[in-house]
Amino acid sequence: MRYSYGIMDQRKILLYKPQLFLKSRDLLVFPSADFRNWHGDIKEYLDGLFQIDFQEMGKREPVNFTELNLALGVLNNITEELESLFDRENVSLLPYHYLSTLDEKYKKPRSPYTSDMRRVDLQVPVISPELKYKHRMEMVEEANREFTRALQEKKMKKKDP
Amino acid sequence: MRVSEGVPRGRVAEVYHPELFQENEEVIIFTREEFNRTYTSIQRQLDYIVKVDLHLDRSEEWKLMGYWPKIMRSVHRIDRDMDLIFKKEPLQSYLDAYLYEHIQSSQDQVPVAERELIPTMEASHFHPLY
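Protein chains in written order, with the working numbering: chain W, 1 to 161; chain F, 162 to 291.
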């Protein structure tokens with residue numbers, strides 16, 4: 001995203017990189033320290049979510065609802081942070097700044113294709129033309145058997161009376 | 162947080178609410194459109210997770226196994242969007258699809274059985290019965 005720092009000077013902003021905003025008409029201006037803090041807060045929550053995910057992966061057990069509720073609580077905090085960005089009453093006073101130092105290995109995304117799905121897929125037989133032929137012949141044989149049985153019953157009925 | 166809109170005028174920018182900022186305070190400036198896209202993209206991912214949660218039946222815990230990767234995918238996208246704020250890479254939220262997702266496509270992992278289902282020319286001409 002295009003962004004530039006600037007400094008307030010006589011009720012106007014001196015842009016450090018004015019060439020970025022030549023074609024744009026609307027700008028959004030935040031105090032840089034506060035914005036960095038806000039960014040760090042959300043990153044902290046996200047790191048928490050990655051830790052929940054990694055813990056679950058380490059246990060080799062499916063997630064349970066306790067972990068889901070924990071994750072949803074963290075997500076609610078993120079929603080609140082997002083809302084507080086445009087709330088002028090909300091002032092972050094604490095000189096607290098989180099810098100994300102979470103290792104990339106914890107953030108490793110996983111495919112939704114799990115080992116269980118793979119196991120199911122492996123049990124699906126390969127449908128080759130020979131197999132198709134075999135299945136059709138099975139159907140023909142079954143129909144043949146039914147047909148002969150019906151024919152025999154007819155003959156029996158004719159003989160009986 | 163203190164926030165104001167503004168318009169660029171050459172080397173300087175005029176803000177609508179200069180009284181919110183102190184003299185000589187360092188500020189960070191975004192274009193409104195790009196920031197809007199990133200912000201709504203994050204909100205959309207959050208909404209998606211909340212919807213997944215709402216539709217989840219609490220009595221069926223085994224279903225969570227399938228939904229958890231979906232939730233984590235949204236979390237990864239939020240993380241990506243947050244990183245993109247301070248990067249020069251093109252914005253992902255302009256696109257319908259995420260280009261920079263590092264999740265492997267499931268095509269390589271699908272065993273042979275899945276792939277053989279796609280009918281080939283030879284197979285369609287093979288009619289042993291007729």
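Honestly, I wouldn't trust all of these hints.
Claimed, not checked - One side of the interface only, derived from the structure: several residues of chain W facing chain F at Cβ under 10 Å:
(1) Asp9
(2) Leu15
(3) Pro18
(4) Leu20
(5) Asp26
(6) Phe30
(7) Ser32
(8) Leu82
(9) Tyr96
(10) Asp116
(11) Arg145
(12) Phe147
It is worth saying that the hints were derived from the structure and are not from the lab.
Virtual Cβ for every residue (Gly too), placed ideally from N, Cα, C.
### Query
Do the numbers back the hint for Asp116/W, that is, is its least Cβ distance to chain F under 10 Å?
Since chain F brings a Cβ to about 8 Å from Asp116/W, closer than 10 Å, the hint holds.
### Task
Have a go at the Arg145/W hint: is there a Cβ in chain F nearer than 10 Å to its own Cβ?
Check failed: Cβ of Arg145/W comes no nearer than 18 Å to chain F, outside 10 Å.
### Cut-off 10 Å, beta-carbon criterion: hint that Ser32/W touches chain F
Holds, about 4 Å.
#### Entry: Restraint check, 10 Å cut-off on beta carbons, for Tyr96/W near chain F
violated, 14 Å
### Task
Grab the minimum C-beta distance from Asp26/W to chain F and call the hint holds if it beats 10 Å, violated otherwise.
holds, 4 Å
### Given hint Leu20/W near chain F, where the shortest CB pair must fall under 10 Å
OK, holds: Leu20/W within 10 Å of chain F, min 8 Å.
### Message
Would the hint on Asp9/W be counted as holding, given a Cβ-Cβ threshold of 10 Å to chain F?
### Response
holds, 7 Å
#### Entry: Agreement of hint Pro18/W with chain F interface, Cβ distance less than 10 Å
Nearest chain F Cβ about 5 Å off; hint holds.
### Query
Is the shortest C-beta separation between Leu82/W and chain F less than 10 Å?
holds, 7 Å
### Message
Does the closest beta carbon of chain F sit nearer than 10 Å to the beta carbon of Phe30/W?
### Response
Constraint on Phe30/W satisfied, holds at 5 Å.
### Query
Against chain F, is Phe147/W within 10 Å by beta-carbon distance?
For Phe147/W, the interface hint is violated, since the closest Cβ of chain F sits about 17 Å away, which is over 10 Å.
### Minimum beta-carbon distance criterion (10 Å), Leu15/W to chain F
Holds, about 6 Å.
In this structure, the hints that do not hold are numbers 9, 11 and 12, in rising order.
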